[in-house]
Amino acid sequence: MLCEDLYAITPLTSGGQKGWLVTVQRQGVPYRKCFTVYRHGSTQAALQAAIAWRDQLVRTVKPMSLADYSNLERRNNTSGYPGVYMMRTIKKGKSGEERIHLAWEARSPTGLKPSQKKSFAIQKHGDARAYELAVEARQAFVAQLDGYLQRRVPEPLREQVTCTSSG
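Position 72, counted from 1, in the sequence shown is what the working numbering calls 147; the numbers after and before it change by one each time, with no gaps.
Some hints could be false.
Below, in silico cross-link-like pairs of lysine-lysine (DSS-like), each with a Cα-Cα straight-line distance of 30 Å or less [to be verified]:
| no. | residue 1 | residue 2 |
| --- | --- | --- |
| 1 | 199 | 169 |
| 2 | 169 | 192 |
| 3 | 199 | 167 |
| 4 | 188 | 137 |
| 5 | 137 | 166 |
| 6 | 137 | 167 |
| 7 | 108 | 93 |
| 8 | 193 | 166 |
| 9 | 193 | 169 |
| 10 | 192 | 166 |
| 11 | 108 | 137 |
| 12 | 192 | 167 |
Keep in mind the hints are simulated off the structure, nothing from the lab.
Produce the complete structure using the sequences and hints provided.
Written out as structure tokens, the structure reads:
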């Protein structure tokens with residue numbers, strides 16, 4: 076049996092039950108189903124049913140788009156917008172004096188290669204406008220993303236994604 080055959084499928088051995096447990100997450104919603112030997116007659120029959128259910132789910136419930144994933148706000152976000160950061164750098168002038176330079180910076184999402192960033196100086200644009208420009212730059216970066224979030228999904232199963240339902 077190949078590794079991709081067991082993607083999202085684990086042996087079920089708790090509570091005296093034997094069989095397989097399928098766990099797939101799509102759009103932040105977990106899909107779980109047990110396939111027991113008792114119900115299917117044998118370990119192999121339960122596994123085949125689990126694989127069929129998993130494959131049908133992968134074909135019909137679309138995963139989160141890379142753009143949507145990139146726009147999720149993380150717990151440690153302090154700017155109020157994903158991928159936008161306040162940058163504070165200290166620059167030395169010609170006479171050696173130190174000046175603090177503040178800017179809002181937009182960074183491209185992880186899936187975009189090569190990585191990019193755009194910085195907007197608060198001194199030049201003002202705080203609110205620099206932030207606004209950084210948000211617009213981040214939105215432009217995210218708009219370049221194409222495809223779906225399919226971490227750890229084996230290649231043969233990725234090809235099955237038809238995304239026929241809205242999930």
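Outcome of the hint check:
1. 199 to 169: Since the Cα atoms of residue 199 and residue 169 sit roughly 20 Å apart, the hinted pair holds (cutoff 30 Å).
2. 169 to 192: 27 Å, holds
3. 199 to 167: 18 Å, holds
4. 188 to 137: Holds: residue 188 and residue 137 sit about 24 Å apart, inside 30 Å.
5. 137 to 166: Answer violated: residue 137 to residue 166 is near 48 Å, above 30 Å.
6. 137 to 167: With a Cα-Cα distance of about 51 Å, the restraint between residue 137 and residue 167 is violated, given a limit of 30 Å.
7. 108 to 93: Holds, at about 13 Å.
8. 193 to 166: 18 Å, holds
9. 193 to 169: With a Cα-Cα distance of about 25 Å, the restraint between residue 193 and residue 169 holds, given a limit of 30 Å.
10. 192 to 166: 19 Å, holds
11. 108 to 137: 18 Å, holds
12. 192 to 167: 23 Å, holds
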